[in-house]
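Going down the list, the sequences are from chains Y and R.
Numbering-wise (numbering that gives the first Met the number 0), the first sequence opens with residue 0 and increments by one.
Numbering-wise (numbering that gives the first Met the number 0), the second sequence opens with residue 0 and increments by one.
It cannot be assumed that every hint is accurate.
Dumping the calculated DSS-like pairs for lysine-lysine here, alpha-carbon to alpha-carbon at most 25 Å [said to hold, decoys possible]:
#1 R:Lys124 x Y:Lys190
#2 R:Lys2 x Y:Lys3
#3 R:Lys124 x Y:Lys2
#4 Y:Lys190 x R:Lys178
#5 Y:Lys190 x Y:Lys101
#6 R:Lys178 x Y:Lys4
#7 R:Lys2 x Y:Lys190
Label-pair distances were calculated between CB atoms; the ranges are [to be verified]:
#8 R:Thr45 x Y:Ile75: 40 to 48 Å
#9 Y:Leu48 x R:Ala54: 25 to 33 Å
#10 R:Ser264 x Y:Ile273: 15 to 23 Å
#11 R:Leu15 x Y:Lys133: 22 to 30 Å
#12 R:Pro244 x Y:Leu134: 18 to 26 Å
#13 Y:Pro129 x R:Phe126: 16 to 24 Å
#14 R:Pro91 x Y:Arg283: 18 to 26 Å
#15 R:Ala54 x Y:Asp60: 41 to 49 Å
#16 R:Glu240 x Y:Leu48: 31 to 39 Å
#17 Y:Lys190 x R:Phe94: 33 to 41 Å
#18 Y:Ile75 x R:Ala168: 56 to 64 Å
#19 R:Leu173 x Y:Lys190: 45 to 53 Å
#20 Y:Asp60 x R:Gly241: 42 to 50 Å
#21 Y:Ile276 x R:Arg179: 23 to 31 Å
Residues on chain R that point at chain Y, a partial pick, calculated with CB under 8 Å [claimed, not checked]:
#22 Ile101
#23 Ser102
#24 Ile103
#25 Asn105
#26 Pro110
#27 Leu116
#28 Val121
#29 Leu169
#30 Thr172
#31 Ile194
#32 Gly198
#33 Tyr215
#34 Ile223
#35 Phe224
#36 Leu263
Calculated directly from the structure, the hints in this document are not laboratory data.
Positions of the beta carbon are idealized from the N, C-alpha and C atoms, including for glycine.
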Amino acid sequence: MYKKKENTIRWIFTILAFSSLFFLVGITITLFISAWPAFQEIGLFEFILGREWYPTYDPPDFGIFPLIMASFLVTIGAAIICVPLGLGSALFINELASQQQKALLKPIIEILASIPSIVYGFFGMVVVAPYLQKLLQIPVGQTAFTGSLLLGIMATPTVCSISEDALSFVPNSFREASLALGANRWQTLTKVTIPAAGSGISTGIILGMSRAIGETMTVLMVTGGAAIIPTSFFQPVRPMTSTIAAEMGEAVVGSTHYHALFAIGLILFLITLIFNIIAELISRRYRLKLGLGR
Amino acid sequence: MNKKVKQNLGFLLLFLCILTTVIFLGLILYFIIIRGYSVLSYEFLTQVPKKSMTAGGVAPAIVGTFYLTLGAMIFSLPLGVACAIYLSEYSPQSFIINIIRISINNLAGVPSVVFGLFGLAVFVKYFGFGVSLLSGSLTLGIMVLPSIISAAQEALTAVPQSYREASLALGATLWETIKRIVLPTAFPGILTGIILSIGRVAGETAPIMFTAATFYMRGYPNSIFSEVMALPYHIYALMTEGVHPEVQTRIAYGCTLILLILVLSMSTLAIILRQRQRSRTYYGT
């Protein structure tokens, strides 16, 4: 009697536990099915490498190369900002800050991480973009640079908290050995602690970039939206995420445009999947290296 | 260069990094609070929008965000906690743990707009729920599932093994032990995770854009199949649609401030709860 009940409960939990896998597979299949007609009608290579995105023209053009370039441009710009800020903050919190400073700074980083992306987008639209427009004397303030700046700040807490975790896993004996050899704190930091936490830090950077490339609302509101291959940081661009968000409302269900937007979603999904798998592989190697893995 | 000078410069650089980060946070809060404060009033919080969004309040958006968040939690909370219980209490083989862990990590990395596409294709179109509270809640629920699982798992792992052993030794079955001993002990930790997730769900825009949200409603949603207004989407719509940009920007400041207050009070509450648990919980040795 008891045994039967226990087994039933065990089975229920087992099935529910696979829900994440179920949803992940479900998302993949749904995207493939909904994107398939687009690849059929446009052609995979024309779709990915095509240089014109005019979905509402007659005849329409569905080339997402400019959108992919825009996504990468904005993400690289964000990385240039979030890597030094996030890593520097993590190093400060973990290596230099006193107990009280730590108790103050860690919640601040966490609060920064919990601000919704729409708030960054709104702030970028009403404060940052007009300010940059005036400061740099450019025709519009909504540019790839504005997007990078805001995404960079958004991704900083991700990079910071994962790097901080990695740094706190570095055994103190490493630092003590280096100090005992006569190295000062800065030398210990750059030559011992950072290399030891290296793979953890790279995981943080990759996940930060993955967050930046998939971010929607901020880029939608501050990058302007011109679907041209970017030639400079200071011009409006249209990344993949904002294309989906901006055009899904007007695309007719079942049209090539509708399926093409799903195809963009699929490519975006695959890019972030690759980012996450790389992060996963690095962090596994790193756990083994420090003897934390099983 | 002198060793000492180099060290001081390096430390200064690190200090500047964290200072910049904190200053940015300060700037965002400063602008939103200063400009949003004057918009907030009792009327703004409790009235429905009037005169094509230029007057009245944003109460339906606040209510909509509340419903969406509640719906997402009703869906993802039991599922997430069950998954965490399985992973930490039923100790399956390590390859199963790995499969589940990898799917959780990857699900956590899926861009929010992709969840929106999934919700649109599956809930709105395939199941025929339409653009509705139900579709939006389910989409948000799937999105937030990974964070609930990891929070619950962390809380369950923190329960000392001796508690379980004591219960099992008294003749309780595994399920009785989980129900009576493990879950109550882990509850505060799980609660902290839930509060953080609530903050995240309330602020998400992209997943509800095509699944639940609408710009303008005269009243309140009356069933799970009706469209809803939501604060984050409302901010976006105010800034991109409509014909009175100046008035709408003002209202958007008010909405952003309400959203920030909601989300930040959630995360602050979670931080405080966690610190209190850490200082108070004494599991003995």
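Verification of the hints:
1. R:Lys124 x Y:Lys190: violated (56 Å)
2. R:Lys2 x Y:Lys3: violated (71 Å)
3. R:Lys124 x Y:Lys2: violated (43 Å)
4. Y:Lys190 x R:Lys178: Status violated; Cα separation ~50 Å.
5. Y:Lys190 x Y:Lys101: Within the cut-off at roughly 23 Å; holds.
6. R:Lys178 x Y:Lys4: holds (14 Å)
7. R:Lys2 x Y:Lys190: holds (14 Å)
8. R:Thr45 x Y:Ile75: 40 to 48 Å: The hinted range 40 to 48 Å holds for Thr45 (chain R) and Ile75 (chain Y), with Cβ atoms some 46 Å apart.
9. Y:Leu48 x R:Ala54: 25 to 33 Å: violated (50 Å)
10. R:Ser264 x Y:Ile273: 15 to 23 Å: violated (37 Å)
11. R:Leu15 x Y:Lys133: 22 to 30 Å: Given range 22 to 30 Å: holds, Cβ gap about 25 Å.
12. R:Pro244 x Y:Leu134: 18 to 26 Å: holds (22 Å)
13. Y:Pro129 x R:Phe126: 16 to 24 Å: For Phe126 (chain R) against Pro129 (chain Y), whose Cβ atoms are near 43 Å apart, the range 16 to 24 Å is violated.
14. R:Pro91 x Y:Arg283: 18 to 26 Å: With a Cβ separation near 19 Å, Pro91 (chain R) and Arg283 (chain Y) satisfy 18 to 26 Å, so the hint holds.
15. R:Ala54 x Y:Asp60: 41 to 49 Å: holds (43 Å)
16. R:Glu240 x Y:Leu48: 31 to 39 Å: Hint holds: Cβ distance 34 Å, inside 31 to 39 Å.
17. Y:Lys190 x R:Phe94: 33 to 41 Å: Once the Cβ atoms are compared, 39 Å apart, the range 33 to 41 Å for Phe94 (chain R) and Lys190 (chain Y) holds.
18. Y:Ile75 x R:Ala168: 56 to 64 Å: holds (58 Å)
19. R:Leu173 x Y:Lys190: 45 to 53 Å: Holds, since Leu173 (chain R) and Lys190 (chain Y) (Cβ atoms, about 50 Å apart) stay within the stated range.
20. Y:Asp60 x R:Gly241: 42 to 50 Å: violated (30 Å)
21. Y:Ile276 x R:Arg179: 23 to 31 Å: Violated, at about 40 Å.
22. Ile101: holds (7 Å)
23. Ser102: holds (4 Å)
24. Ile103: Constraint on Ile103 (chain R) satisfied, holds at 5 Å.
25. Asn105: Status holds, d = 5 Å.
26. Pro110: Because about 3 Å separates Pro110 (chain R) from the closest Cβ in chain Y, which is inside the 8 Å limit, the hint holds.
27. Leu116: holds (4 Å)
28. Val121: holds (6 Å)
29. Leu169: This interface hint is violated because 14 Å lies over the 8 Å limit.
30. Thr172: Since the shortest Cβ distance to chain Y is 5 Å, the answer is holds.
31. Ile194: violated (11 Å)
32. Gly198: This interface hint holds because 5 Å falls under the 8 Å limit.
33. Tyr215: violated (14 Å)
34. Ile223: violated (21 Å)
35. Phe224: Phe224 (chain R) check fails; min Cβ-Cβ to chain Y is 18 Å, beyond 8 Å.
36. Leu263: Holds, about 6 Å.
In terms of the numbered hints stated before, the structure departs from hints 1, 2, 3, 4, 9, 10, 13, 20, 21, 29, 31, 33, 34 and 35, listed from lowest to highest.
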